[in-house]
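Peer 1: Next come the chains, spelled out residue by residue.
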Amino acid sequence: MEPQTGTVTLKRGLAEMLKGGVIMDVVNADEAKIAEEAGACAVMALERVPADIRADGGVARMSDPAMIEKIMETVSIPVMAKCRIGHFVEAQVLESLGVDYIDESEVLTPADEEHHVNKHDFKVPFVCGCRNLGEALRRIGEGAAMMRTKGEAGTGDVVEAVRHARSVLGAIRRLQSLQEEELMAFAKEMGAPYELVKETRERGRLPVVNFAAGGIATPADAALMMQLGVDGVFVGSGIFKSGDPLKRAKAIVMATTHFQDAAIIADVSKNIGAAMVGIHVHDIPSTELLASRGW
Amino acid sequence: MGVAVGVLALQGDFHAHLTVLQHLGAEARAVRLPAQLAGLAGLVIPGGESTTIGKLAEAYGLMQPMRNLAAQGAAIWGTCAGAILLSRDAHRAQPLLNLMDITVQRNAFGRQVDSFEAQLHVPALAAGKDGSSRTFHAIFIRAPMIESVGPEVEVLATLPAGEIVAARQGRLLATAFHPELTTDARFHELFLQLAGK
Chain L
1 MEPQTGTVTL KRGLAEMLKG GVIMDVVNAD EAKIAEEAGA CAVMALERVP ADIRADGGVA
61 RMSDPAMIEK IMETVSIPVM AKCRIGHFVE AQVLESLGVD YIDESEVLTP ADEEHHVNKH
121 DFKVPFVCGC RNLGEALRRI GEGAAMMRTK GEAGTGDVVE AVRHARSVLG AIRRLQSLQE
181 EELMAFAKEM GAPYELVKET RERGRLPVVN FAAGGIATPA DAALMMQLGV DGVFVGSGIF
241 KSGDPLKRAK AIVMATTHFQ DAAIIADVSK NIGAAMVGIH VHDIPSTELL ASRGW
Chain C
1 MGVAVGVLAL QGDFHAHLTV LQHLGAEARA VRLPAQLAGL AGLVIPGGES TTIGKLAEAY
61 GLMQPMRNLA AQGAAIWGTC AGAILLSRDA HRAQPLLNLM DITVQRNAFG RQVDSFEAQL
121 HVPALAAGKD GSSRTFHAIF IRAPMIESVG PEVEVLATLP AGEIVAARQG RLLATAFHPE
181 LTTDARFHEL FLQLAGK
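Chains L and C supply the protein sequences, listed in that same order.
Quick note on numbering: the numbering used here labels position 129 of the first sequence as 129, and the sequence is numbered without any gaps.
Quick note on numbering: the numbering used here labels position 148 of the second sequence as 148, and the sequence is numbered without any gaps.
Keep in mind that the hints were calculated from the coordinates and are not lab data.
All of these numbers come straight from a predicted model, not from anything done at the bench.
The reader is advised that the hints may include incorrect statements.
Think about it this way: if two alpha-carbon atoms lie no more than 25 Å apart in a straight line, the pair counts; the simulated SDA-like pairs of lysine to any residue are [as the list claims (entries may be wrong)]:
#, chain 1, residue 1, chain 2, residue 2
1, L, LYS270, C, ALA35
2, L, LYS198, L, ALA220
3, L, LYS33, C, GLN105
4, L, LYS270, L, SER292
5, L, LYS70, C, ASN107
6, L, LYS123, C, GLN94
7, L, LYS247, C, ALA108
8, L, LYS33, C, ALA35
9, L, LYS123, C, ALA108
10, L, LYS33, C, THR182
11, L, LYS247, L, ASP267
12, L, LYS123, C, GLN72
13, L, LYS123, C, GLN119
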C-alpha cells in the first residue's frame, strides 16, 4: 500500500502532539525565537496580536505570506497561521505555504457570515474556535481536527475562556447522563451532527484535542484552564504585550505542565514583570465582541 | 501486579501511551518530577515537541535522573520527539539525553502536509495471533528519521527508500512513528518485555 497523506488520523494526530503545551502568538521571527526558547509547542504567526487588531479597528485579514515564511524558516516547532472565517482562498494560500495548522479564526474579520471553510477539502489540518458543544461539533463536522475555546481574544480577561470551557465540558458531562433515545433531541437542541454527538458521548470528550484560548495572561490563568479540563492553551496578546515576554512565556509553559501543583505555579509566578493591562470584557460594546463571530 | 513503568508527562501525547500500557496490565504512571522515577522498570518518552519536552525536563532536573534510570537497567522507549531526546545528536542546540548511539534528523520528511501513514515490515515484533507475520501500521507526524546508528544498535525497521525509523540498543528503543495512536499494541508489548527482564 502506498503511503497516505492528509488523513484525518494525521490531522488529529498533530494536535495530539501539541497536548499539554502552550501555543503562542508571534508577529515576527524574533518573537518566534523567544517563544521557542521559552518552550512553546507551536507558534501562531500573525501580523498583529488580537489586542492590536482590537485597538486598530478596520478589517483584519490573513497575514503577509512573506512574514509567515520567515517565521517558518526561523523555528523548528510547528507554525500555525490564521485565515478569515469562510475565506477558503486564504486557506488555500496558507496550505500552499506549508503551514502546519490553519486557524479559521474569529479574530480576523469574517469573509462569510453563514458558512465556514469546508475543511475536509484540505491536507493541512484546521483548528477552530467554539463557545459551546454544538458549535464545536459543527466545526468538527466541517473537518476541524482541533478545537479551542474562543474566549475573548486580546482582552487579557480570562472570564470568557472559562465560560466557553465550562459550557463545552459541562455539556459533555450532561450528554453522558442521557439515555440513547434522548440523543437526537440533544443533537437538535445543540445544532450538532447526530453522529458526532454519539461519538462524543462514547468517548466522554470531544473527538479532537481541545485547547483554551482568548484572554489567558498569567501562569495561573493557564493552569486554571487546564484544571477545568482542556488539553493545552493558546496565549495570544498575553505574552508579547506583557513587561517581560520571555520570563512570562517560560512561566506559562511551566504552569501548563505542572497545572496541578500550586507550589510550582506560585514559584514560576514570582517576579515575571507586569501582565498585559487588559480590558474587562464587560467594557466592550457587544458589537465589538469577537467571540460572537462564527456560525 | 504488572510491571511499574512511567510515561514522561511534560508535554505531548502521554495519555495515549498510559492508556495502552494500563490496558496491557502494566502499572503505568505519569512522570513530571524526578522523584516520580523511583522504582520504575521502564519509561516512555512520548511524542510532542522535543524542544519543549527537553526544556521542561532540564528545568525540573529530570535529565540526569533519566540517564541514571537507564544506567540502572530500566527500559526506555522514545516515540518521535522521544526518539530525538534519546539520540546523541539532532543537529540543533537542544537538550538531549545522549543515551542511544544514534543521530537523528528532525522533521526529516517535511512539514505537516508531508506527514504520512505507511505499512512497515518489523521482523522483531511478535507475529499475529494466527501465526502470520503482519506489517505494522505506522503513523509519521512531522517525523524525524534515524540518520545513523552505532555498532551496538539494531535496526528494527526501515522505509522502502532505506530511512531507519525504528531501532533498539539493549533495553533502549526508538521509533520515529506513533504506535500509541494505533490499536496495534505490539511495540508496547515489546517495551514491557524489555522492562520486565
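Peer 1: A separate judgement is required for each hint: does it hold in the structure or not?
Peer 2: Now the hints, each set against the structure:
Between LYS270(L) and ALA35(C) the CA atoms are separated by roughly 24 Å; this keeps the pair inside 25 Å, and the hint holds. A distance of roughly 34 Å separates the Cα atoms of LYS198(L) and ALA220(L); the hinted pair therefore is violated under the 25 Å criterion. A C-alpha spacing of about 20 Å is found between LYS33(L) and GLN105(C), which places the hinted pair at or below 25 Å, so the restraint holds. Straight-line distance between C-alpha atoms of LYS270(L) and SER292(L) comes to about 35 Å, which puts the hinted pair past the 25 Å bound.
Among the hinted pairs, LYS70(L) with ASN107(C) is consistent with the structure: their alpha-carbon atoms are about 17 Å apart, no more than 25 Å. For the hint pairing LYS123(L) with GLN94(C), the CA-to-CA distance comes to about 30 Å; that exceeds 25 Å, so the pair is violated. Between LYS247(L) and ALA108(C) the alpha-carbon distance is near 31 Å, which puts this suggested pair outside the 25 Å criterion. Our distance criterion of 25 Å between C-alpha atoms is broken by LYS33(L) and ALA35(C), whose separation comes to about 32 Å.
Note on LYS123(L) and ALA108(C): the hinted pairing holds, with a Cα-Cα distance of about 19 Å set against a maximum of 25 Å. As the CA atoms of LYS33(L) and THR182(C) are separated by approximately 34 Å, the hinted pair breaks the 25 Å bound. Annotation: proposed proximity of LYS247(L) to ASP267(L) holds, straight-line Cα distance about 12 Å (limit 25 Å). Our distance criterion of 25 Å between C-alpha atoms is broken by LYS123(L) and GLN72(C), whose separation comes to about 45 Å.
Between LYS123(L) and GLN119(C) the CA atoms are separated by roughly 20 Å; this keeps the pair inside 25 Å, and the hint holds.
In summary, the structure is inconsistent with hints 2, 4, 6, 7, 8, 10, 12 from the numbered list given earlier, while agreeing with the others.
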